Amino acid sequence: EAGVAQSPRYKIIEKRQSVAFWCNPISGHATLYWYQQILGQGPKLLIQFQNNGVVDDSQLPKDRFSAERLKGVDSTLKIQPAKLEDSAVYLCASSPTGGGRYGYTFGSGTRLTVV
Amino acid sequence: GEDVEQSLFLSVREGDSSVINCTYTDSSSTYLYWYKQEPGAGLQLLTYIFSNMDMKQDQRLTVLLNKKDKHLSLRIADTQTGDSAIYFCAERTGGKLIFGQGTELSVKP
Numbered sequence: 352e353a354g355v356a357q358s359p360r361y362k363i364i365e366k367r368q369s370v371a372f373w374c375n376p377i378s379g380h381a382t383l384y385w386y387q388q389i390l391g392q393g394p395k396l397l398i399q400f401q402n403n404g405v406v407d408d409s410q411l412p413k414d415r416f417s418a419e420r421l422k423g424v425d426s427t428l429k430i431q432p433a434k435l436e437d438s439a440v441y442l443c444a445s446s447p448t449g450g451g452r453y454g455y456t457f458g459s460g461t462r463l464t465v466v
Numbered sequence: 442g443e444d445v446e447q448s449l450f451l452s453v454r455e456g457d458s459s460v461i462n463c464t465y466t467d468s469s470s471t472y473l474y475w476y477k478q479e480p481g482a483g484l485q486l487l488t489y490i491f492s493n494m495d496m497k498q499d500q501r502l503t504v505l506l507n508k509k510d511k512h513l514s515l516r517i518a519d520t521q522t523g524d525s526a527i528y529f530c531a532e533r534t535g536g537k538l539i540f541g542q543g544t545e546l547s548v549k550p
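From first to last, the protein sequence lines stand for chains H and P. First residue of the first sequence: 352, per my numbering; consecutive thereafter. First residue of the second sequence: 442, per my numbering; consecutive thereafter.
These are calculated hints, taken from the structure and not from any lab test. Here the structure is a predicted model, which is why all the values come from computation and not from measurement. Keep in mind that a hint or two might mislead.
Stated by the list, open to error - Cβ-Cβ distance ranges computed for the label pairs, FRET-style:
| # | chain 1 | residue 1 | chain 2 | residue 2 | range |
| --- | --- | --- | --- | --- | --- |
| 1 | H | Asp407 | P | Ser468 | 32 to 40 Å |
| 2 | H | Gln410 | P | Ser448 | 38 to 46 Å |
| 3 | H | Gln431 | P | Gly536 | 37 to 45 Å |
| 4 | H | Gln368 | P | Lys549 | 41 to 49 Å |
| 5 | P | Lys509 | H | Lys395 | 47 to 55 Å |
| 6 | P | Phe491 | H | Leu435 | 25 to 33 Å |
| 7 | P | Ser458 | H | Val405 | 23 to 31 Å |
| 8 | H | Thr464 | P | Gln542 | 15 to 23 Å |
| 9 | P | Arg516 | H | Lys429 | 26 to 34 Å |
| 10 | H | Asp425 | P | Arg454 | 42 to 50 Å |
Using N, Cα and C, we set each Cβ at its ideal position, and we do this for glycine too.
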């Protein structure tokens with residue numbers, strides 16, 4: 352079974368620029384998550400999708416972050432404009448409906464550096 | 442509130458047992474997980490425990506759950522240098538995972 356695919360692996364941008372990350376979850380996984388992991392910290396949930404609907408985006412800074420999951424498969428996360436404090440690894444994860452004992456499968460992440 | 446806490450560092454000698462501890466806050470969490478993260482990599486699911494269990498063993502890994510104290514631990518038997526990584530405890534609450542800040546395990550030969 353193919354894992355969760357993310358691209359790009361690395362991105363360096365200047366503050367106030369925009370950036371987009373892409374995620375392709377495991378085939379058949381209905382639930383998709385975007386997490387932000389700042390260096391030295393645990394991952395923090397940004398947004399959760401169930402199919403193509405948003406379940407939880409309470410921690411998403413909506414003035415600059417947006418995410419969509421078209422057709423309930425791939426997802427993109429965008430930051431516009433970026434700030435220095437957005438430097439982090441952005442992790443995408445997916446799980447089957449119910450999750451539970453299957454856990455959540457994570458991609459390798461996109462490391463964003465804002466200079 | 443939602444808060445998962447772990448000690449930040451643990452150092453052991455190769456061949457010893459490692460015990461990584463975690464406390465969580467949501468008594469209604471149904472599943473608790475341990476993930477491993479190696480440098481530059483994503484999170485790898487190591488094991489999980491369902492909330493109605495108090496122990497789970499999987500090869501070198503033993504998970505202990507004390508629901509009364511909301512305490513979770515991961516024991517790694519015969520720790521190897523390849524076990525050096527950051528270990529994250531996570532609780533599943535409201536359909537999402539809440540992670541601790543991670544414990545960096547250093548294994549010395």
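Going down the list of hints, with the structure as the test:
no.	hint	verdict
1	H:Asp407 with P:Ser468: 32 to 40 Å	violated (20 Å)
2	H:Gln410 with P:Ser448: 38 to 46 Å	violated (25 Å)
3	H:Gln431 with P:Gly536: 37 to 45 Å	violated (28 Å)
4	H:Gln368 with P:Lys549: 41 to 49 Å	holds (43 Å)
5	P:Lys509 with H:Lys395: 47 to 55 Å	violated (28 Å)
6	P:Phe491 with H:Leu435: 25 to 33 Å	violated (41 Å)
7	P:Ser458 with H:Val405: 23 to 31 Å	violated (43 Å)
8	H:Thr464 with P:Gln542: 15 to 23 Å	holds (21 Å)
9	P:Arg516 with H:Lys429: 26 to 34 Å	violated (42 Å)
10	H:Asp425 with P:Arg454: 42 to 50 Å	holds (46 Å)
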